[in-house]
Amino acid sequence: MTKILVIDDDRINLKLLESLLKNYYPDYEILTVQSGPEGIEIAKKELPDAIILDIRMPDMDGYEVCKRLQSDEYTQPIPVIFLTAYVADSKDVIRGLESGALSFLSKPIGKDHLIAQVNVALRIRMAEKALRESERKFRNYIESSGDIMYVVDKNLKFLYGNRKYLKRRGLTQKELLGKEHEDFHSDEGTGNFMERVKAVRESGKPIYYEYQSELDGRYFLRTLSPVIDSETKESESITVISRDITQRKQAEEALERSLQQQILLTEVSFLFTKLGKFEKNMNDILRLIGEYTIVSRVYVFEDFNNGEYTKNTYEWCNKNIEPQIDNLQEIPYTIVPSWKKILNEKGMVFSTNISELPQDIINILEPQKIKSILVLPICVRNKFFGFLGFDECEKHRIWDNNEIELFKTVTNIISVIFERKQAEEKIKEISKLEKKRLKELEASYEQLQKSQEAFLNLMEDLSVKIVQHKQTEDMLRTSERKYRSLFENIQNSFALHEIVLDKNGKPADFIFLEVNEAFELQTGLRKKDIIGKKATDVMPGIENDPVNWIQRYGEVVLTGKNISFENYFEPLKKWRSVVVYKVGENQFATIFTDITERKNSELEIKQSRKQLRRLAAHLEDVREEERTIIARNIHDELGQLATALKMDVSWLQKQLPKENELWIAKAQTISDLVDMTSAEIQRICSDLRPGVLDDLGLEDALELYVSEYNKRTGTVCKLSIEYDLARINKYLSVAVYRMIQEALTNVRRHAKASKVTISITEEDSKLKLIIKDNGIGIRKDNIDDSKSFGLIGIEERALSMNGYARISGKKGKGTTLEIMLGIRNSSL
Amino acid sequence: MNTNLLLERETIGYSLKKHKPDMKVIIADDSKLIRDRIAERVKLIDTVNVVAQTTNSFETIEAIIKHKPDILLLDIRMPEGSGINVLKYIQKNKTRIVTIVVTNYPIIQYKNKCFELGADYFFSKATEFDEVFKLVEKLAKSKSTRNT
Numbered sequence: 001m002t003k004i005l006v007i008d009d010d011r012i013n014l015k016l017l018e019s020l021l022k023n024y025y026p027d028y029e030i031l032t033v034q035s036g037p038e039g040i041e042i043a044k045k046e047l048p049d050a051i052i053l054d055i056r057m058p059d060m061d062g063y064e065v066c067k068r069l070q071s072d073e074y075t076q077p078i079p080v081i082f083l084t085a086y087v088a089d090s091k092d093v094i095r096g097l098e099s100g101a102l103s104f105l106s107k108p109i110g111k112d113h114l115i116a117q118v119n120v121a122l123r124i125r126m127a128e129k130a131l132r133e134s135e136r137k138f139r140n141y142i143e144s145s146g147d148i149m150y151v152v153d154k155n156l157k158f159l160y161g162n163r164k165y166l167k168r169r170g171l172t173q174k175e176l177l178g179k180e181h182e183d184f185h186s187d188e189g190t191g192n193f194m195e196r197v198k199a200v201r202e203s204g205k206p207i208y209y210e211y212q213s214e215l216d217g218r219y220f221l222r223t224l225s226p227v228i229d230s231e232t233k234e235s236e237s238i239t240v241i242s243r244d245i246t247q248r249k250q251a252e253e254a255l256e257r258s259l260q261q262q263i264l265l266t267e268v269s270f271l272f273t274k275l276g277k278f279e280k281n282m283n284d285i286l287r288l289i290g291e292y293t294i295v296s297r298v299y300v301f302e303d304f305n306n307g308e309y310t311k312n313t314y315e316w317c318n319k320n321i322e323p324q325i326d327n328l329q330e331i332p333y334t335i336v337p338s339w340k341k342i343l344n345e346k347g348m349v350f351s352t353n354i355s356e357l358p359q360d361i362i363n364i365l366e367p368q369k370i371k372s373i374l375v376l377p378i379c380v381r382n383k384f385f386g387f388l389g390f391d392e393c394e395k396h397r398i399w400d401n402n403e404i405e406l407f408k409t410v411t412n413i414i415s416v417i418f419e420r421k422q423a424e425e426k427i428k429e430i431s432k433l434e435k436k437r438l439k440e441l442e443a444s445y446e447q448l449q450k451s452q453e454a455f456l457n458l459m460e461d462l463s464v465k466i467v468q469h470k471q472t473e474d475m476l477r478t479s480e481r482k483y484r485s486l487f488e489n490i491q492n493s494f495a496l497h498e499i500v501l502d503k504n505g506k507p508a509d510f511i512f513l514e515v516n517e518a519f520e521l522q523t524g525l526r527k528k529d530i531i532g533k534k535a536t537d538v539m540p541g542i543e544n545d546p547v548n549w550i551q552r553y554g555e556v557v558l559t560g561k562n563i564s565f566e567n568y569f570e571p572l573k574k575w576r577s578v579v580v581y582k583v584g585e586n587q588f589a590t591i592f593t594d595i596t597e598r599k600n601s602e603l604e605i606k607q608s609r610k611q612l613r614r615l616a617a618h619l620e621d622v623r624e625e626e627r628t629i630i631a632r633n634i635h636d637e638l639g640q641l642a643t644a645l646k647m648d649v650s651w652l653q654k655q656l657p658k659e660n661e662l663w664i665a666k667a668q669t670i671s672d673l674v675d676m677t678s679a680e681i682q683r684i685c686s687d688l689r690p691g692v693l694d695d696l697g698l699e700d701a702l703e704l705y706v707s708e709y710n711k712r713t714g715t716v717c718k719l720s721i722e723y724d725l726a727r728i729n730k731y732l733s734v735a736v737y738r739m740i741q742e743a744l745t746n747v748r749r750h751a752k753a754s755k756v757t758i759s760i761t762e763e764d765s766k767l768k769l770i771i772k773d774n775g776i777g778i779r780k781d782n783i784d785d786s787k788s789f790g791l792i793g794i795e796e797r798a799l800s801m802n803g804y805a806r807i808s809g810k811k812g813k814g815t816t817l818e819i820m821l822g823i824r825n826s827s828l
Numbered sequence: 001m002n003t004n005l006l007l008e009r010e011t012i013g014y015s016l017k018k019h020k021p022d023m024k025v026i027i028a029d030d031s032k033l034i035r036d037r038i039a040e041r042v043k044l045i046d047t048v049n050v051v052a053q054t055t056n057s058f059e060t061i062e063a064i065i066k067h068k069p070d071i072l073l074l075d076i077r078m079p080e081g082s083g084i085n086v087l088k089y090i091q092k093n094k095t096r097i098v099t100i101v102v103t104n105y106p107i108i109q110y111k112n113k114c115f116e117l118g119a120d121y122f123f124s125k126a127t128e129f130d131e132v133f134k135l136v137e138k139l140a141k142s143k144s145t146r147n148t
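Taken in order, these protein sequences are the chains called Z and G. Position 686, counted from 1, in the first sequence is what our numbering calls 686; the numbers after and before it change by one each time, with no gaps. Position 105, counted from 1, in the second sequence is what our numbering calls 105; the numbers after and before it change by one each time, with no gaps.
Keep in mind that the hints are not guaranteed to be accurate.
Below are the DSS-like pairs computed for lysine-lysine, each with C-alpha atoms no more than 27 Å apart in a straight line [unchecked claim]:
1) G:K134 with Z:K658
2) G:K92 with Z:K654
3) Z:K167 with Z:K179
4) G:K134 with Z:K711
Rather than coming from a laboratory, the hints here were simulated on the basis of the structure.
All chains, please: the whole structure from these sequences, using the hints.
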């Protein structure tokens, strides 16, 4: 609320002025006092917006009151109007104005004159208040801003610094003022700053630049703006605003890093899914990691001898780094007891300065000149297998968390690789072992038969040569002993049976004649409980078993044909293979082999394949996504640029003088080159990711691809689509497109075909693709060849989409690729 | 000085009245480089008024609703919804507009699709650039003849 204070010792005057002012300013508060000291007191308390002051007053005259008001910080800006009852001479007026008053009025004063003066006073007061308010706001903004601000003059002397800047420099405003820029910055920094300040002063325009602080390495976006002097029109000083962009910078760097990591992981995973020499792939992986992280050495150790020793199996070394692999072939863990302990407890051995590590580890690392180290354990099937390590020999390297996370992922991938390798080796080993055992068995059986024959012969002889009785008996015993020991020593369970036929000659039961020890172990049946007994008595319910044992056995006896099959034996939780063959009239033998281990390994392999498949499919998705982005970027940036260039060149061509043939020819060459560039960009984009596929769908995309293919290769490729491809989802569309692309690439590279037909139909709610050519025909060994990675890619993709892919070929009669894909749920 | 200004303004007003740009054109292309070049050329035709320049299908549809243009110069491949969407919109709403597709991908599949969706013309951005302006000029002429 606006307030006006009137100070006058004459009560009547006071009343008069009060009523006059009240009448004129009904909304204002009019304060009245009768003495100077009282007036000063009220003025300080109420801070009125204007003061009307009488000069002649008994306690303290108006000049004194005015002087005192002027000397107070708060009352100083209040405009004062002197009012006097007598005719004042110019001396009085000068004295009054010198004491700080706004104006001097002497009576008689016209009402309007007074009001006009009061209005002027109020206006001045309002303007002063508004200025003060804006200054306060401005100061507040500067001080509360998160940005650093300061002002320097043209000689780089500090004129002002906001709180943020003072805090950063640890100074007070007073300490800052008059200091020079070079007091806080290096000569070089000052030099750069000076140049920029000069540029700003000359151009009169602000400049922006990014800047890294020498103080703490933080990044700032600096704005230098000139402060133009309103009189000289020159920039006498420069304001500097620095916004801290360290976080943004860091985010950008982190993004860049994570992008590179992704690329590395993709490449590593790709090597991992790639077929070919295991050792080469592993060395490639180490090289990739080494080149990415820039360390001295990357290596893999594998344990052996039940984990008592370890040895260096793969190694990659940076330039000028001495390989260590040959020196590290047999390290007993007993000389580095802390090694495995730390790996197990902390999940890694990791140090920027190896002197922090236990002494036994230092002893091993120091001779190799290692300064920093990071080692991660490799576990295969939850068992410690070995470790992946990184050495730095040149400096003390800091391992950041991102990097360690990345290495952990890489270690996991390497673990899976070893797991797969182990499983594959195991399978090989087991199948070898099985073959060996089967051979042994055959040999024993042969011997068994021979001894039986010998036995029968002897029996014949017995009837005629009673004289030789004693001798025969001995021989018989020897033979029997031999036979029995063989029989018992066979590791596979062996049993001899006699079939029981019903009155129609159909198999109804069988009787156990002989079994070996292994049989007892494998079936849980005791020899003494079953010999001479019927199977239906020994194993009640056998006649209803889904394996249909009696019928199957009977078949062997009746037909004389051997059979073999695999069977899971629930009570002992074991897999076994069963071989049945006829031995004599109504007799048959069974051999049960325990194949549980093999079966389990097979399951493991299947599991691991499934994981690989999922990983491969995922990688494929990632690659597809990346290709889309790259294609889009190339189109947006380069494609448009080339088109714009073309437009400009064609404009230019029209402007050229017709008589200058040389220029015209040159311009035409440029135009042709731009056309070629354009075409090339479009080809690259559409190879990466055909836009048609996204804009128009699979059918158009395939048609376009096939017509381009025909143009490019001279092949006649026909496309027949008998399925509404608009119905399938994008994921499947992309997969189909890529598979056909891959298949046609294979045809072009290997088939030497002149015709290809592609048909797309539906069969059993699945999408069926057939790509058939009339080329040389793929050979069986080509299919399995590691070079046909494309085919394997198709196969894996199809399997991951509830389908399959089959390839077949006949020499000279072409190749057919058949692919089935699940239509529903075909997204991962 | 003041009088001069006034005179100048009146002269402009006069010329505006005489050659009033009555051919409203929208240019839809995500590349500023291309838009600038198209606009630069189209503006040389004196009855043409470029009422909007848009960078994706949504902006384009909005601009069509707002300005009811006579001609749309449309790019196919744009981020966030391709020109195909714009054609679909125009066909569905039976908007009266001459659509000229100007694309970097002058392939038959796109051409067929665009005509199927009611596009009136289809040009290659790189090689048939001049034809586009000849066409716009022709359309502009025939419109002003119709108007008079």
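Status of each hint after checking the structure:
no.	hint	in the structure
1	G:K134 with Z:K658	holds, 22 Å
2	G:K92 with Z:K654	violated, 41 Å
3	Z:K167 with Z:K179	holds, 16 Å
4	G:K134 with Z:K711	violated, 33 Å
Going through the hint list in order, the structure does not satisfy hints 2 and 4.
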